[in-house]
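J.: With the sequences and hints as input, model every part of the structure.
Number of protein chains: 2
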Amino acid sequence: MGSLGNDAHEASSLFNLNPLDPEEFRRQGHMIIDFLADYYRDIEKFPVRSQVQPGYLRKRLPKSAPYNPESIETILQDVQNEIVPGITHWQSPNYFAYFPSSGSIAGFLGEMLSTGFNVVGFNWMSSPAATELESIVMDWFGKMLKLPNSFLFSGNGGGVLQGTTCEAILCTLTASRDQMLNKIGRDNFRKLVVYGSDQTHCALQKAAQIAGIDPKNFRAVATNKSTEFGLSPVALEAAIQADLEAGLVPFFLCATVGTTSITAVDPIGPLCDVVKEYGIWVHIDAAYAGSACICPEFRHFIDGVEKADSFSLNAHKWFFTTLDCCCLWVKDPSALVKALSTNPEYLRNKATETRQVIDYKDWQIALSRRFRSLKLWMVIRSYGVANLRNYLRSHVKMAKQFEGLLVADNRFEVVVPRTFAMVCFRVAPSAMAITFNEETNVNELNAKLLESMNVSGKVYMTHAVVGGVYMIRFAVGTTLTEERHVSAVWKVVQEHTNTILNSYQ
Amino acid sequence: MGSLGNDAHEASSLFNLNPLDPEEFRRQGHMIIDFLADYYRDIEKFPVRSQVQPGYLRKRLPKSAPYNPESIETILQDVQNEIVPGITHWQSPNYFAYFPSSGSIAGFLGEMLSTGFNVVGFNWMSSPAATELESIVMDWFGKMLKLPNSFLFSGNGGGVLQGTTCEAILCTLTASRDQMLNKIGRDNFRKLVVYGSDQTHCALQKAAQIAGIDPKNFRAVATNKSTEFGLSPVALEAAIQADLEAGLVPFFLCATVGTTSITAVDPIGPLCDVVKEYGIWVHIDAAYAGSACICPEFRHFIDGVEKADSFSLNAHKWFFTTLDCCCLWVKDPSALVKALSTNPEYLRNKATETRQVIDYKDWQIALSRRFRSLKLWMVIRSYGVANLRNYLRSHVKMAKQFEGLLVADNRFEVVVPRTFAMVCFRVAPSAMAITFNEETNVNELNAKLLESMNVSGKVYMTHAVVGGVYMIRFAVGTTLTEERHVSAVWKVVQEHTNTILNSYQ
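For the record, the sequence lines run as chains P and V.
3 is the number of the first residue of the first sequence in my numbering; add one for each residue after it.
3 is the number of the first residue of the second sequence in my numbering; add one for each residue after it.
The hints are simulated quantities; they were obtained by calculation from the structure and are not laboratory data.
Mixed in with the good hints, there may be bad ones.
Here are the simulated lysine-lysine pairs, PhoX-like style, with alpha carbons at most 25 Å apart [unchecked claim]: (1) V:Lys148 to P:Lys65; (2) P:Lys193 to V:Lys218; (3) V:Lys402 to P:Lys65; (4) V:Lys460 to V:Lys493; (5) P:Lys47 to P:Lys340; (6) V:Lys352 to P:Lys450; (7) P:Lys340 to P:Lys185; (8) V:Lys402 to V:Lys493; (9) V:Lys61 to V:Lys193; (10) P:Lys145 to V:Lys61; (11) V:Lys402 to P:Lys340; (12) P:Lys352 to P:Lys148; (13) V:Lys185 to V:Lys218; (14) P:Lys61 to V:Lys145; (15) P:Lys340 to V:Lys148; (16) P:Lys218 to V:Lys185; (17) P:Lys352 to V:Lys450; (18) V:Lys148 to V:Lys399; (19) V:Lys185 to P:Lys193.
T.: What follows is the structure in structure tokens.
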């Protein structure tokens with residue numbers, strides 16, 4: 003820093019150190035590493051789901067920012083005492099809620115390097131390595147998934163790292179919207195129709211809202227047990243036909259591999275065959291289950307992807323890469339660029355003008371972008387394809403283990419088939435007294451069971467309601483989880499079920 | 003991890019360690035801290051702007067992902083040898099390009115904690131501390147800026163951390179679009195008009211494109227030297243009147259405090275007065291200069307903010323908080339929530355239903371969100387209001403120092419008034435032989451000067467073209483910059499100017 007202001011009062015509180023002093027960075031950096039290593043070591047001591055009440059923190063922190071600097075020691079003490087109690091421990095081995103976000107050492111280190119370099123990689127020029135590593139790693143990952151060459155840079159497609167699936171869907175939806183509007187004219191904006199199923203992630207609805215699609219033209223096609231809650235090509239075709247007859251213009255389908263509620267899989271190939279003749283853009287949302295497709299035994303779930311236009315998965319969900327890291331591949335990057343590019347003078351540069359480089363700012367919503375590929379690169383290299391497959395398989399194996407325990411106990415029901423590393427179960431109606439046999443009461447009892455387990459702090463699971471059935475989701479995916487944790491959870495489930503069933507006698 | 007798959011070949015390459023093993027985390031974490039501390043210590047050894055050619059990295063890295071794990075030592079060696087040469091060193095004290103992104107130890111530590119906890123804070127329930135700390139810190143920061151109470155939670159407004167200004171603008175634009183459509187009906191979508199100036203950041207155009215606003219209805223009102231390239235309320239009113247007469251519907255204005263090209267300031271109060279009667283939403287984009295407004299002597303630049311609807315700044319630009327961290331305050335959070343909320347069953351929870359909590363997923367594009375407030379909180383506490391002001395003032399002082407050197411040398415011209423920590427200058431036409439006195443040649447010479455300095459690796463600056471004038475932007479804001487670096491840059495500028503002017507003789 004240069005010499006500082008003259009205000010005597012303010013100068014008196016001066017730190018003499020530069021806020022990025024290398025040796026002070028070293029000292030404080032080592033402190034935080036030890037803090038976090040201890041946190042992981044001790045993580046099972048904390049209740050998995052935070053037990054604080056709304057507003058807890060406002061009571062504990064000052065109303066205004068401090069005027070004078072505070073030491074890192076004081077701040078870390080406050081992290082321990084005030085922040086940690088309000089954290090739901092997503093990295094706990096007893097965390098089985100939502101979809102876990104699997105952290106790893108390599109993912110963490112990659113984020114540290116990215117934060118340390120702190121480059122703002124909007125275009126190639128602003129930090130060539132950020133752009134080039136991203137395109138290389140996206141080709142690596144694409145090959146691991148056996149994506150067709152048309153999704154790789156070598157096949158004139160390409161991949162980009164976004165923050166989340168919401169952004170990936172919004173970008174592809176905007177690109178396809180503008181493609182369609184160019185054909186049919188902007189006067190027909192209100193006729194555009196988006197398709198998903200009633201199991202599609204809410205990201206699609208949100209993206210459609212933001213992109214200005216008339217809410218009336220958002221089709222969540224109903225699914226049911228006969229297709230295991232996958233989107234039926236027949237039902238989709240019927241919906242499209244009805245819309246065409248009403249003079250509307252179908253333009254976007256989001257198909258899902260591994261839905262959020264129950265990891266259902268939409269049949270990609272047949273769905274693509276249905277929409278092909280209408281010029282509908284197909285996006286495959288494999289946010290959760292896409293990672294598993296690096297294992298040959300799971301790859302068939304994305305068969306047909308070669309007919310789709312774009313494909314995304316969240317490496318921060320089940321690929322050991324910390325939040326946020328959504329991988330999006332597209333066959334036609336120019337569609338994204340046409341919809342999302344702006345070229346202000348202050349970003350003009352020779353590299354861009356030669357057209358030999360990618361400027362990723364035109365592939366996403368934001369201009370500024372972090373050097374996210376570092377963490378994906380470090381994860382892939384640190385573990386290698388071999389171990390990554392093994393890690394994923396170990397999660398699936400643990401889910402099977404839990405499924406086996408449920409199946410062997412006739413008080414429980416596995417409600418939908420387990421496909422990946424998540425089991426959806428409930429206390430079966432048959433386990434209850436006859437008066438509680440109606441669906442609503444069964445649902446109520448299971449909701450109580452889940453809440454009582456979560457309140458115990460020993461485990462955290464969440465729920466879904468599909469086809470009117472309330473189910474408890476047991477999602478394995480946290481990196482620290484071992485078989486012994488699954489066994490321990492099973493005990494918790496049994497104990498709480500006993501208590502609940504007894505209370506209903 | 004549970005026990006692993008049976009594939010003999012894959013099992014042979016197995017790491018026995020869990021990928022989040024606490025002691026291995028500690029070992030590797032300390033290695034990276036030392037790597038980065040050394041990087042900061044040695045950063046002046048590297049050319050500021052990367053000197054690699056397009057495609058350099060593809061030649062150096064394997065075409066496919068490794069099958070077997072690689073050691074952290076190997077990977078770090080590759081970071082040093084292959085990645086660092088492709089980095090433009092945004093943290094170098096000789097970096098004066100674009101707007102710098104000021105890193106700090108506290109910002110880095112906050113990002114580490116956030117990555118370490120790796121919570122996915124979409125709603126309150128998923129990690130109460132993430133939501134609560136964010137709302138508290140946004141109130142702190144709002145008070146530091148003397149934002150009116152109506153932008154704070156205590157005044158029924160509130161703040162949220164987004165990734166970038168692009169996202170902040172897209173969210174507020176979508177909220178105001180839907181508010182207006184509710185009044186005028188969706189049939190009038192094509193009549194909606196967005197306003198900015200020809201100096202407004204391209205984020206506005208991009209947001210309007212994504213939100214489906216007809217490109218014909220995007221008004222970049224021309225600015226000129228008479229208002230120092232600030233948006234004229236008179237010109238704005240004329241544009242609005244013309245649109246109203248054409249039957250269009252004005253609904254959104256983005257005013258800027260500190261434009262990207264030349265840090266011009268739009269007159270917020272008078273602009274708000276103009277649009278008030280039309281029900282236009284006013285967003286203030288203070289991405290760069292907003293931070294400076296924590297200093298009393300700069301606060302007047304946002305006078306009138308009390309009449310606006312939303313206000314944003316990038317803490318990752320000039321507030322020592324690493325990328326990404328955009329602070330957005332709004333008066334009416336319900337407008338965001340109405341436009342951006344989705345409420346799927348799998349996220350239902352008691353806390354949300356009591357309406358005592360904030361679910362930030364409904365204030366932004368994405369569902370998933372990082373625990374960004376940790377870094378902003380740590381920055382504010384580690385340095386305190388006093389030092390934060392002093393740091394910002396020191397940057398302004400260094401910019402003044404550079405301006406003084408330019409002014410004293412009559413070969414140079416400060417092209418537009420310096421307002422914050424950026425100086426826009428050029429070699430003056432008068433310094434050149436008479437035949438080169440035409441504007442295009444003056445521009446050409448200055449472009450050559452800039453490129454020759456950047457190629458030297460000693461400094462990195464970028465350019466702008468405003469009112470037909472090509473200017474070199476000298477933006478102070480990198481944390482490690484000291485007065486001695488500014489003096490050194492001045493020597494570089496003089497040497498290269500001498501060479502260029504001589505070559506034109």
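J.: Against this structure, judge whether each hint is valid.
T.: Status of each hint after checking the structure:
1. V:Lys148 to P:Lys65: holds (14 Å)
2. P:Lys193 to V:Lys218: holds (20 Å)
3. V:Lys402 to P:Lys65: Violated, at about 35 Å.
4. V:Lys460 to V:Lys493: holds (11 Å)
5. P:Lys47 to P:Lys340: Violated: P:Lys47 and P:Lys340 sit about 52 Å apart, past 25 Å.
6. V:Lys352 to P:Lys450: Holds, at about 12 Å.
7. P:Lys340 to P:Lys185: holds (14 Å)
8. V:Lys402 to V:Lys493: holds (16 Å)
9. V:Lys61 to V:Lys193: Violated - the C-alpha atoms of V:Lys193 and V:Lys61 are around 51 Å apart, more than 25 Å.
10. P:Lys145 to V:Lys61: Within the cut-off at roughly 18 Å; holds.
11. V:Lys402 to P:Lys340: Violated, because 41 Å separates the two Cα atoms, which is more than 25 Å.
12. P:Lys352 to P:Lys148: violated (35 Å)
13. V:Lys185 to V:Lys218: holds (22 Å)
14. P:Lys61 to V:Lys145: Given pair P:Lys61, V:Lys145 holds - Cα atoms ~18 Å apart, limit 25 Å.
15. P:Lys340 to V:Lys148: violated (41 Å)
16. P:Lys218 to V:Lys185: holds (17 Å)
17. P:Lys352 to V:Lys450: Given that 25 Å is the threshold and the Cα spacing comes to 12 Å, the pair holds.
18. V:Lys148 to V:Lys399: holds (23 Å)
19. V:Lys185 to P:Lys193: holds (21 Å)
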